[in-house]
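Read top to bottom, the protein sequences are chains A and L. The first sequence begins at 1 in my numbering and counts up by one. The second sequence begins at 350 in my numbering and counts up by one.
These are computed hints drawn from the structure, not numbers from a lab. Ideal Cβ positions, reconstructed from N, Cα and C, are used throughout, including at glycine. Fair warning: there could be bad hints in the mix.
[Stated by the list, open to error] Simulated restraints on C-beta separations:
#1 A/Gly248 - L/Arg581: 47 to 55 Å
#2 L/Pro447 - A/Glu143: 40 to 48 Å
#3 A/Pro71 - L/Arg581: 39 to 47 Å
#4 A/Ala165 - L/Ala395: 52 to 60 Å
#5 L/Pro557 - A/Ala170: 16 to 24 Å
#6 A/Glu143 - L/Ser483: 46 to 54 Å
#7 L/Asp494 - A/Gly156: 40 to 48 Å
#8 L/Pro557 - A/Asp42: 42 to 50 Å
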Amino acid sequence: MTGSALQPYSRPPLEADRTPEARGLARDEVRLLVSTATEEVDRSFLDLPDLLRPGDLLVVNESATLPASLPASGPDGPFVLNLSTEFGPGLWLAEPRWSESRPGPLPLPDGTPVEVAGTRATVVARYPGIPRLAFLRFEAEVERLLADHGRPIRYGYLREEPPLAAYQTAFARVPGSVEMPSAGRPFSPRVLARLEARGVSLARVVLHCGVSSLEEGDDVTGAPPVLPEPYAVPSETVEAVARARRTGGRVVAVGTTVVRALATAEDGGALRASRGFTRRYVAPPATIGSVDGLLTGFHAARTTHLALLSAVAGEARIRRAYRRAAEAGYLWHEFGDVHLILPGTAPPG
Amino acid sequence: MTAGGGPRRAVVTGASRGLGAVIARVLADDGYELLLTARGAGPLEAVAAELRGRGATVTAVAGDVADPGLRARVGETVRQAGPLHVLVNNASELGPSPLPPLAQYPLPELDRVYRVNVFAPLAWVQELLEPLASANGLVVNVSSDAAVVGYPGWGGYGSSKAALDLLSKTLANELAPRGVSVVSVDPGDLRTAMHQAAFPGEDISDRPLPSVTVPFWQWLLHQEHGAVSGGRFRAQADRWEVVR
Numbered sequence: 001m002t003g004s005a006l007q008p009y010s011r012p013p014l015e016a017d018r019t020p021e022a023r024g025l026a027r028d029e030v031r032l033l034v035s036t037a038t039e040e041v042d043r044s045f046l047d048l049p050d051l052l053r054p055g056d057l058l059v060v061n062e063s064a065t066l067p068a069s070l071p072a073s074g075p076d077g078p079f080v081l082n083l084s085t086e087f088g089p090g091l092w093l094a095e096p097r098w099s100e101s102r103p104g105p106l107p108l109p110d111g112t113p114v115e116v117a118g119t120r121a122t123v124v125a126r127y128p129g130i131p132r133l134a135f136l137r138f139e140a141e142v143e144r145l146l147a148d149h150g151r152p153i154r155y156g157y158l159r160e161e162p163p164l165a166a167y168q169t170a171f172a173r174v175p176g177s178v179e180m181p182s183a184g185r186p187f188s189p190r191v192l193a194r195l196e197a198r199g200v201s202l203a204r205v206v207l208h209c210g211v212s213s214l215e216e217g218d219d220v221t222g223a224p225p226v227l228p229e230p231y232a233v234p235s236e237t238v239e240a241v242a243r244a245r246r247t248g249g250r251v252v253a254v255g256t257t258v259v260r261a262l263a264t265a266e267d268g269g270a271l272r273a274s275r276g277f278t279r280r281y282v283a284p285p286a287t288i289g290s291v292d293g294l295l296t297g298f299h300a301a302r303t304t305h306l307a308l309l310s311a312v313a314g315e316a317r318i319r320r321a322y323r324r325a326a327e328a329g330y331l332w333h334e335f336g337d338v339h340l341i342l343p344g345t346a347p348p349g
Numbered sequence: 350m351t352a353g354g355g356p357r358r359a360v361v362t363g364a365s366r367g368l369g370a371v372i373a374r375v376l377a378d379d380g381y382e383l384l385l386t387a388r389g390a391g392p393l394e395a396v397a398a399e400l401r402g403r404g405a406t407v408t409a410v411a412g413d414v415a416d417p418g419l420r421a422r423v424g425e426t427v428r429q430a431g432p433l434h435v436l437v438n439n440a441s442e443l444g445p446s447p448l449p450p451l452a453q454y455p456l457p458e459l460d461r462v463y464r465v466n467v468f469a470p471l472a473w474v475q476e477l478l479e480p481l482a483s484a485n486g487l488v489v490n491v492s493s494d495a496a497v498v499g500y501p502g503w504g505g506y507g508s509s510k511a512a513l514d515l516l517s518k519t520l521a522n523e524l525a526p527r528g529v530s531v532v533s534v535d536p537g538d539l540r541t542a543m544h545q546a547a548f549p550g551e552d553i554s555d556r557p558l559p560s561v562t563v564p565f566w567q568w569l570l571h572q573e574h575g576a577v578s579g580g581r582f583r584a585q586a587d588r589w590e591v592v593r
């Protein structure tokens, strides 16, 4: 299945061009579309605890967002350097762009020295098959550079420039993502307290999101190139999933990153603790044994996210839910509304 | 990944073309001083010249990895230079082309396959152990999916790589107390001269160029060596998992 096969809506969706806070809402007051195998229901994110059952397990991504966009200049003048993924100390996969709104590739051959926020870095290699991306070696400490000069990577549909804090979820603990794992964003202390009171538990994984993939799928397999991203699934989470399974609870992934991390850590259907880098592409007909449900945002139609959603819930159901979401005015993208995909046909709560 | 001052050094065998040249280039761009070997002096010198043009310090020594004389010469040079951080045993012998089935495999040819793919990598580790130990170095043995699958025709090459995989795993355990790490890497199908020799006359243009493995090498070379030692990695797989 290619991304273009999933153009599900009759009208273009509304984009969230500001944070919920700028729209006069608390983080946890965004809309929630609940979809089961048979129907869609409009709720608020505040209703989440009532939609889950005692014994259910939410698996969240603890990755925190970095201010990964840096000012840079090269032989052809200034440009914007969006970091994507740290491969090792001082070595980053990055996306040089002409500007925030104008992507590359830039003419930066291997070996080109560039200046990044006043320090020196060198382009060491292009990413194979993706000319807009390159590996860069930094001479300065990148953590320091980001703290002093970095800004969150921002896309064209945003009308404001939210501060870094707007990009951190309640679960953010391990810095490393350059795009927010946004499904966790609506969680607030009051919702977490009500989830706990309800008997819903939490387990944690890490997957550091790199820059979005824009590349089209391969003509033969339909699989787009997926960039390698650091992930970790700890043994506590493997045990929590097993416990939920044993006691009849449902495992609900908070975000597509969590599905990818769990899918990566599955071997022959069995989940086991592991960490490293993943470029797992999750799409039908693959199924993910560790995941029953998914809480996620609304994503651009031509993305790997939609293929992943279809692997969780089936393409027809995702198509139907997206059509409904667009018609009902749900907001798309990282500061928009959210979508809870639950297994089975039982009408939610 | 190593801390401390002084240049980091790497030895790459079979560096004149294909995967070996790609690995050499990744190391050069990462600031390693390189000692490269391959049988073909001309192509080897061309790779060395290109990397020198990119600012790297490169010594090229032409010869056969199975030749004890070459090994001794390189060993001497490396020991004089100091610690060795990375040894890449990449040079490999495919065997006769087209690939013969095992029942008809000419044994003298199989002997050559094993000498290059099994005995030589071990001999290079033995030869370079002291400089590797003094750098807490990493040994990378280039393997193949033929080592695990049992493809018809690939029994000679594949069984030699299976032996190499077990050497790698055992060496990782034996050398851990010396601080030397050992991994085995299956690069996956690549559009290389060796792969073409395995499929003479066939179109292999659907296989990716060896540069497709660059992100994997960037990952592997920047892991803490002890965290990957004993691992067998597939460079084109969708998961690169640390061992511990």
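Consistency of the hints with the structure:
1. A/Gly248 - L/Arg581: 47 to 55 Å: 38 Å, violated
2. L/Pro447 - A/Glu143: 40 to 48 Å: 54 Å, violated
3. A/Pro71 - L/Arg581: 39 to 47 Å: 42 Å, holds
4. A/Ala165 - L/Ala395: 52 to 60 Å: Once the Cβ atoms are compared, 54 Å apart, the range 52 to 60 Å for L/Ala395 and A/Ala165 holds.
5. L/Pro557 - A/Ala170: 16 to 24 Å: 41 Å, violated
6. A/Glu143 - L/Ser483: 46 to 54 Å: 30 Å, violated
7. L/Asp494 - A/Gly156: 40 to 48 Å: Between L/Asp494 and A/Gly156, where Cβ atoms are some 43 Å apart, the hint holds.
8. L/Pro557 - A/Asp42: 42 to 50 Å: This hint holds: roughly 47 Å between Cβ atoms.
Against the hints set out earlier in the document, violations occur for numbers 1, 2, 5 and 6.
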